[in-house]
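Asks: Sequence:
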Amino acid sequence: HFDPRPDYGRAIPSIKDTGKLGWRINVGTNLLNLRSDIELVRNNGAGLSGKLTLKRGDIVAFSLTFSEEGPAVLPPLGNFVREKLKLTIDWWRRWAERAKYDGPYRKQVIRSALVLALLSFAPSGALVAAPTTSLPERIGRDLNWDYRYCWLRDEALAVRALFGLGYDDDAEAFVSWLLHATRLTRPRLDTLYNVYGEITAPEKILSHLSGYAGSRPVRLGNAASDQLQLDVYGEVIEAVSRFLLGLSEIDRDTQNMLRGYGEYVCRNWCEPDNGMWEPRTPRQHYTHSRLLCWVALDRLIDLHKRGRIKSLPVEKLTLIRERIRSDIETRGWNEKLQAYTQVLGGESLDANTLLLAIYAFEDATSYRMQQTHERLRERLCPRVGLMYRDERSKEKGEGVFGICSFWEANFLARSGNLEEAHRVFAAVLECANDVDLFAEEIHPETGDALGNFPQAFTHLGLISAALALRDSEERRSKLTR
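Take the sequence shown: its letters are residues 1 to 481, numbered as in this note's numbering.
Honestly, the hints are just simulated from the structure, not real lab data. Where is the CB? At the ideal position from N, CA and C, for every residue including glycine. The reader is advised that the hints may include incorrect statements.
Taking lysine-lysine and the PhoX-like style, the derived pairs with C-alpha atoms no more than 25 Å apart in a straight line are [stated by the list, open to error]: (1) K100 with K478; (2) K86 with K107; (3) K16 with K51; (4) K20 with K84; (5) K20 with K51; (6) K55 with K84; (7) K305 with K316; (8) K204 with K396; (9) K86 with K55; (10) K336 with K394.
Cβ-Cβ distance ranges computed for the label pairs, FRET-style [to be verified]: (11) L247 with R476: 24 to 34 Å; (12) W95 with A11: 31 to 41 Å; (13) I59 with N26: 22 to 32 Å; (14) E420 with A11: 45 to 55 Å; (15) L247 with S14: 11 to 21 Å; (16) D434 with T330: 40 to 50 Å; (17) G345 with D3: 51 to 61 Å; (18) E278 with G246: 30 to 40 Å; (19) E278 with E198: 18 to 28 Å; (20) D58 with D434: 15 to 25 Å; (21) R476 with L319: 32 to 42 Å; (22) N256 with R283: 47 to 57 Å; (23) G140 with K310: 51 to 61 Å; (24) P202 with R476: 19 to 29 Å.
Using the sequences provided together with the hints, build the complete structure.
Replies: Right, here's the structure in full:
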């Protein structure tokens, strides 16, 4: 069945039978063309349909092309399609074979790497968070967002994941997009951009539509574009620094850009922001945002020590870096709870405090990190392998957060508890669908996917955790020789 509904169902396309050239579908000044080697007929005003019975080994070809204000290109069917399909499959198999990971989760790691590759926009190198909008985080309710945009945080995490797997060319494409997209607003970084590196359009509600299982509203655009999320500075600098360390020399413009980001962090690190979870509530002093401001300055200082950035005010950055550390250690730690908290001076927990160890702010084996992990398990884990992102999301009836579950496996690997890390990792994998794909969230009871799908964030967490497990296994092996 083929029933195109352009402009979010607001436009009625013209469908015309052109005989051997297939079906022509006019959408404004654009053109779709559908061809097949089976008969297609009109379906009572609801597009086209065809019926067939396939036996093992049978092949049926369909060709759907899109032309934007230009003549249509109509590829032939038959052997041409089969040859192109074989070339495509062979290319992706060779790409997958290049992955520098031979651990027990290679199948899932390769699938996650493929997700990142297929969520990227080839002309620019941009990575969208997900290819969908408004798939619900609560079935039939209002937690529906548009994720068809490029979050700097996701892009930075993808750089690290792909470098870790040996896909240097793909990682460098993401770095190039990061440098391009942020050029217009630097030293200020926006939270998200479109695939061309432009600031996104404001959020709109498509009131004439309802989403999956009657979930409303359906959104176009994302209001998070107007938020202040200070953690993106640390994410971008950390990711770009990994790329730049492989260069013998950094150009003057990039050095100026990094110095500008450092100055911005020095001026604004103590300001409240909206945090990485993007709640539509007043700004607060999030522990995670403080952590990534510390990461930003720490990585810049390291780049200077390695001779990659010149004329950096190292004394100033070092002083402020230590102020941030003191702030986190003093106000981010709750003595009564015996845990790091979501906000400074707060009493609520957040899974992203595990990143204090993952970003090397504090050792995973430290008393504070071990206690924080215990509190998170007590309050945010409905069962082994599943973790809510924070207490607010648990109370609101959201699903457990995919990347948070992988953060726990990552943390356990870094703390040396490899058996438990594998147990957690394997438990999360059981919630994937039949082709090892994850959405943003997981229903804590049924294991069903919730939110936009497939979600780059979750697959990034999977790759990072798998690499942490591999590295910890290798360290243990060396110690026991």
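Asks: Run every hint past the structure and note whether it holds.
Replies: Structure-based check of each hint:
1. K100 with K478: holds (19 Å)
2. K86 with K107: Holds, at roughly 21 Å.
3. K16 with K51: holds (20 Å)
4. K20 with K84: It holds: about 21 Å lies between the C-alpha atoms, which stays within 25 Å.
5. K20 with K51: This hinted pair holds, its Cα atoms lying about 19 Å apart.
6. K55 with K84: holds (23 Å)
7. K305 with K316: holds (15 Å)
8. K204 with K396: holds (23 Å)
9. K86 with K55: Between K86 and K55 the Cα gap is close to 20 Å, so the pair holds against 25 Å.
10. K336 with K394: Answer holds: K336 to K394 is near 22 Å, not above 25 Å.
11. L247 with R476: 24 to 34 Å: holds (33 Å)
12. W95 with A11: 31 to 41 Å: holds (37 Å)
13. I59 with N26: 22 to 32 Å: About 30 Å separates the Cβ atoms of I59 and N26, which means 22 to 32 Å holds.
14. E420 with A11: 45 to 55 Å: The hint (45 to 55 Å, Cβ to Cβ) holds, given that E420 and A11 are roughly 54 Å apart.
15. L247 with S14: 11 to 21 Å: The hinted range 11 to 21 Å is violated for L247 and S14, with Cβ atoms some 53 Å apart.
16. D434 with T330: 40 to 50 Å: holds (48 Å)
17. G345 with D3: 51 to 61 Å: For D3 against G345, whose Cβ atoms are near 55 Å apart, the range 51 to 61 Å holds.
18. E278 with G246: 30 to 40 Å: The hinted range 30 to 40 Å holds for E278 and G246, with Cβ atoms some 32 Å apart.
19. E278 with E198: 18 to 28 Å: Distance hint for E278, E198 holds at roughly 20 Å.
20. D58 with D434: 15 to 25 Å: holds (22 Å)
21. R476 with L319: 32 to 42 Å: holds (38 Å)
22. N256 with R283: 47 to 57 Å: Violated, at about 29 Å.
23. G140 with K310: 51 to 61 Å: Hint holds: Cβ distance 57 Å, inside 51 to 61 Å.
24. P202 with R476: 19 to 29 Å: Given about 51 Å between the Cβ atoms, the range is violated.
Hint violations for this structure: numbers 15, 22, 24, all remaining hints satisfied.
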